[in-house]
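Undergrad: This is what each chain is made of:
There are 4 protein chains.
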Amino acid sequence: MSGNSIGRLFVVTTFGESHGSAIGAVVDGCPPGIELSREYVQKELDRRRPGQSELTTSRSEQDYVEILSGIFEGKTTGTSIGLLIRNQDAISKHYKDLQDLFRPGHADFGYWAKYGLRDWKGGGRSSGRETAARVAAGAIARRILEGFGVWLHGGTIAVGSVRAEKFLPEAIEKNPVRCPDPDRAGEMAALIEKVKGQGDSIGGLVEVRVFGAPAGLGEPVFSKLDADLASALMGIGAVKGVEFGDGFETAKRKGSENSDPFVSEGGKIHTRYNRAGGILGGISTGDPIVVRVAVKPTSSIAREQESVNLKGEPVKFSTGGRHDPCICPRIVPVAEAMVAIVLADHLLRQRGQCGK
Amino acid sequence: MSGNSIGRLFVVTTFGESHGSAIGAVVDGCPPGIELSREYVQKELDRRRPGQSELTTSRSEQDYVEILSGIFEGKTTGTSIGLLIRNQDAISKHYKDLQDLFRPGHADFGYWAKYGLRDWKGGGRSSGRETAARVAAGAIARRILEGFGVWLHGGTIAVGSVRAEKFLPEAIEKNPVRCPDPDRAGEMAALIEKVKGQGDSIGGLVEVRVFGAPAGLGEPVFSKLDADLASALMGIGAVKGVEFGDGFETAKRKGSENSDPFVSEGGKIHTRYNRAGGILGGISTGDPIVVRVAVKPTSSIAREQESVNLKGEPVKFSTGGRHDPCICPRIVPVAEAMVAIVLADHLLRQRGQCGK
Amino acid sequence: MSGNSIGRLFVVTTFGESHGSAIGAVVDGCPPGIELSREYVQKELDRRRPGQSELTTSRSEQDYVEILSGIFEGKTTGTSIGLLIRNQDAISKHYKDLQDLFRPGHADFGYWAKYGLRDWKGGGRSSGRETAARVAAGAIARRILEGFGVWLHGGTIAVGSVRAEKFLPEAIEKNPVRCPDPDRAGEMAALIEKVKGQGDSIGGLVEVRVFGAPAGLGEPVFSKLDADLASALMGIGAVKGVEFGDGFETAKRKGSENSDPFVSEGGKIHTRYNRAGGILGGISTGDPIVVRVAVKPTSSIAREQESVNLKGEPVKFSTGGRHDPCICPRIVPVAEAMVAIVLADHLLRQRGQCGK
Amino acid sequence: MSGNSIGRLFVVTTFGESHGSAIGAVVDGCPPGIELSREYVQKELDRRRPGQSELTTSRSEQDYVEILSGIFEGKTTGTSIGLLIRNQDAISKHYKDLQDLFRPGHADFGYWAKYGLRDWKGGGRSSGRETAARVAAGAIARRILEGFGVWLHGGTIAVGSVRAEKFLPEAIEKNPVRCPDPDRAGEMAALIEKVKGQGDSIGGLVEVRVFGAPAGLGEPVFSKLDADLASALMGIGAVKGVEFGDGFETAKRKGSENSDPFVSEGGKIHTRYNRAGGILGGISTGDPIVVRVAVKPTSSIAREQESVNLKGEPVKFSTGGRHDPCICPRIVPVAEAMVAIVLADHLLRQRGQCGK
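Residue numbers (the working numbering), protein chains in the order written: chain A, 1 to 356; chain B, 1 to 356; chain C, 1 to 356; chain D, 1 to 356.
Warning: the hint list may mix true and false statements.
Since the list can't tell identical chains apart, any single copy or any two copies may satisfy a pair.
Keeping only pairs whose Cα atoms sit at most 30 Å apart, straight-line, the calculated BS3-like set for lysine-lysine is [unchecked claim]:
hint	residue 1	residue 2
1	Lys96	Lys75
2	Lys166	Lys254
3	Lys75	Lys311
4	Lys166	Lys43
5	Lys75	Lys268
6	Lys356	Lys75
7	Lys166	Lys268
8	Lys356	Lys268
9	Lys356	Lys166
10	Lys174	Lys43
11	Lys268	Lys311
12	Lys316	Lys268
13	Lys254	Lys316
14	Lys311	Lys254
15	Lys174	Lys311
16	Lys316	Lys43
17	Lys174	Lys316
18	Lys254	Lys268
Think of the hints as simulated: they come from the structure by calculation, not from any bench. Note that the structure is predicted; figures quoted are calculated from it, not measured.
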């Protein structure tokens, strides 16, 4: 796999820039015979799409996905699946002012240093738009997961300092923040509206929970399940931290406080408290997998910021008004997609090596 | 690469169980012509070795490394380097009592579920002992980094709630906690001694800082520098979280609070505060790379714990007295090794694709 | 890399079936700053396109390629390049009769056994049409090669028992057989016309020669240059054998007959006779690389053949009239593309590991 | 995977030079629960070992293999298996005279051009000795194959122009040439003895046949079964060509002559003549897989040869007397090992993706 690919047996490769003609993905290694429709993939894309509510960017992107290959009479054939999403609303002039500028918090400078040139239109390859291709591929991964009895839910569990206290999957899609705690969703939405009004943005936490995953997924050393998930999630723009289960909290605990006995109930062995978030020694325990990412506030804000241009000269600037004041609600489907892609790969690898 | 390999161009593959005859690694893709001695590798291993101080396990492991191949007249040849460390002090009887037990906080149950059998002696492949092979391989990665003008330091920046306030590299090896803040090292050591006396253990934070890394390392989408580092570090046993720069703190901030302008000084462009920890959009900025991991308290403690056995029956047990009361000091060289391995790979990949 | 990907640093991933909506490729790891136009890629595709002469199939495929990403202002950006070719003239009814049939010499039965279903339209993924995506990707590889001073030529050196005795690169595109020996091109063309008239087909040999490749390309053990080239070429449909230099002839020789001294001329060391085809011990010697593939006669012929259907019942059938009577002329650009892809990868890997 | 690794799910990584302290391999991805003893692996190594008969080199290498990890109570655990073979009889002085010389037919010059230095003792990494590690790893692959009901036999089917006319597996190990045709084994042996007496060497053909492999193995495009086998076999030193089934012969045929109908017998569909060697479109048909390699005569011969030294000056030299006059008998177990490794990988990948 290369820098635009992820996975071993189930491999997703993506391409495309924000303001080029299209973005897309190739999904390789999908088992044959799985029912898959364009509409199923589109449904996931619609969850990521800009312009869903007042809380997200007002950019209009239809994100219509076309399945180019790998499906025959409604089922996957086992060969590589081409996915194509044409770009629209690519008004490059919005970015013309920024072409000589290294925007703070963005990859502009890194790209320029790496490649010696950069596609400055809307961030080019580093644009969040690239994640649409991941979500489309993730939809296919979800279909694989369903076949193994595995499903997952992501939610925004914090906006700034407002934190959810419950994780009710059924609540998530009922509020625009995608908060799994209906009692806090309103407060979060209000906070986002407020910072938006200030020409500002705000960070938050997104959590994904996986249910039904069997014990035994993950490799012992370098492709541990948590390592692969961490990589997949840290690779989402704006994510600055990843933790499993009680995560950073455990760093403050004593061993006796963190002890989490295995218990047996109804013939099934599991942990009493799931403090580890479903993964011990890099291998799933059969408990729900709980992973959480720290999402920084959107770097592009209406307020004036400082930076330098290509010549190193200081400049002041502000970036339009179409950016998400809090990216968490739209990161939810992306994080789910990344988790689904990693799990699909591990389920197939596990079946390959261990025959189950 | 497979589940026991990491890297693309610079690839490390490891093998070995805690109580088998040996552990080791194969290091592939090392540039030719680099001076490398057995002693250089041994020096790093000695930093990870048990029994260095009162704060670590009293197990005695010499961890003598033998370089089997890939070196000719003191220099790397460019071919694969075999590294071998024979096991000693492998008193399996210590573990005999545990062979039917799923130890809480360990991979025992996951292995059993995955493979249908397990090497119960000292944790088998899931033992922390496996990391010795990583450290040996990491020593070679460090030599590559040196050739690119890159170096790094890891330190224990928190033990329980005691937190370092400075990061002075020169202080690290002068105290047994490997704390980079000499004013807090004593307090940390005392806390470790205290929990040890209680038959307990304690968690902490380990931070690695990389200096001299050029801007431009990392791939845009799925092999981002932070994604690869997160994977490498999350793959260390006991690590439950990874964050870069201000990490989880940024999730609480507004965009205006988190803004970090690029500035130009002496012809060099860098960020004013390095809030991102040296990586933006997955690509290095040329600022120091700052990454931090949450280390849970050692799960094996002298105090009695509960669990179940292979039959699912509840059992009570305690695990001897030779476990590290705080694993952070010994994770420091392992975390450094993992960071070095990832950086060496990205430096070579960058040279391959971009010719610099 | 996965089953639809090839390469390590320079990675090509393809998708698409013969009669689906499109085929295409993602090219990853291309160095930045290389001038690349759609027309350059199209030119190579036109060489592979059906319907170029009386000697090839009369199917009409425009094979218009669209570059979807990875190019900015006429240059490669270093990010993944999406390539799309829409299918046309996909008259599935031609194949309707064949949907229950396992065509001899084709992958039909293998697909059915592997996946439990198959896209029977025109061979689906196993169709030769898939190679258009390789040729498009190969065009990009050629641009990389040019930057390293490497170029290559492929030619049809045998049709049936008629064999070329010269390899004049400039002659190749001047005759429809793509024979590098102008004195034999006519005889070959006549033979192809003759078998075509008989409703039959004929096999042949295709040779690719690479010039300007530096000594030192290839890995010592499992990614030898000849091993990677053999894989790339054997992966072309209809190819049943691969050999380098004197190839199978050397199996009959004594060591003294096969000895090929290194000589030094003008400060450059090379072999006297290049019997090894430019590769010794898996690593290039700096001599021209000479590789040859055996191409079986097209399996789809107008003459009646026997086989069985899905139920295992014997059937007799013949396959229309639009198949290539000799596929060699159209395999030439595909073989060139595969060689170019492998060399581009090795040039970048070599630069990555060895810095040159 | 890297340049010293092969495989995707079942991955073999090797290390070691001819005259270093040891060679070895790491075998990753082996299914758990397979019975595996040191003796089983040793048995295969003994077949490759020098000094088995008058027809092979008189060098004495015990090739004692040690299994370092991945086995517990006689069964594979599913974790990586370390294999170690210490070098003996490494009399470097034999090679001292050659250290400034680029031996014809060897990788000496390529290594020097690639790495800027070379381990001249016995060819270093490019020595045929490296294949012992492959054979050890291949023994493990064979155990996996057995579990799937797959087995294989390799034999020397030609020495110079003396060619076998039968392939009787049971005959192979009964003659020192490993010829599957007992009526030709004597003639072959006499020819080898003769060239040996002349201080010369001779080439030949080695064929491997695989029985019991299910239909459906192999990927459609870039990891076709024949492509992966070709790579694995071309990567053996001295191999200059690879072909499947009727191979290069088919290049001379008409389609009507090469037609090979599917037939159904006893409910099993297979081809009538197996002209394709068990692989069509890159995917196994369920027929025996037949692959053949061209082996050049050993380049190191007692007769005087010419070449140049590091300075480019012409030199005359001859290489001792301990080289194999015909390497075919000892390539047989190596070729079998490579075929077994590729098949094990594909069987596991197939199970992973397709669940069977």
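Undergrad: Would you mind marking each hint as holding or not holding in the structure?
TA: The hints, checked one at a time:
{"no.": "1", "hint": "Lys96 - Lys75", "in the structure": "between (44 Å within a copy, 19 Å between copies)"}
{"no.": "2", "hint": "Lys166 - Lys254", "in the structure": "both (26 Å within a copy, 24 Å between copies)"}
{"no.": "3", "hint": "Lys75 - Lys311", "in the structure": "between (54 Å within a copy, 22 Å between copies)"}
{"no.": "4", "hint": "Lys166 - Lys43", "in the structure": "within (26 Å within a copy, 49 Å between copies)"}
{"no.": "5", "hint": "Lys75 - Lys268", "in the structure": "between (34 Å within a copy, 26 Å between copies)"}
{"no.": "6", "hint": "Lys356 - Lys75", "in the structure": "both (23 Å within a copy, 18 Å between copies)"}
{"no.": "7", "hint": "Lys166 - Lys268", "in the structure": "within (25 Å within a copy, 47 Å between copies)"}
{"no.": "8", "hint": "Lys356 - Lys268", "in the structure": "both (18 Å within a copy, 27 Å between copies)"}
{"no.": "9", "hint": "Lys356 - Lys166", "in the structure": "neither (34 Å within a copy, 42 Å between copies)"}
{"no.": "10", "hint": "Lys174 - Lys43", "in the structure": "within (16 Å within a copy, 53 Å between copies)"}
{"no.": "11", "hint": "Lys268 - Lys311", "in the structure": "between (64 Å within a copy, 10 Å between copies)"}
{"no.": "12", "hint": "Lys316 - Lys268", "in the structure": "between (61 Å within a copy, 19 Å between copies)"}
{"no.": "13", "hint": "Lys254 - Lys316", "in the structure": "between (49 Å within a copy, 19 Å between copies)"}
{"no.": "14", "hint": "Lys311 - Lys254", "in the structure": "between (52 Å within a copy, 29 Å between copies)"}
{"no.": "15", "hint": "Lys174 - Lys311", "in the structure": "neither (48 Å within a copy, 43 Å between copies)"}
{"no.": "16", "hint": "Lys316 - Lys43", "in the structure": "neither (40 Å within a copy, 47 Å between copies)"}
{"no.": "17", "hint": "Lys174 - Lys316", "in the structure": "neither (40 Å within a copy, 45 Å between copies)"}
{"no.": "18", "hint": "Lys254 - Lys268", "in the structure": "within (28 Å within a copy, 45 Å between copies)"}
Figure legend: structure checked against the earlier numbered hints; hints not met, in rising order: 9, 15, 16, 17.
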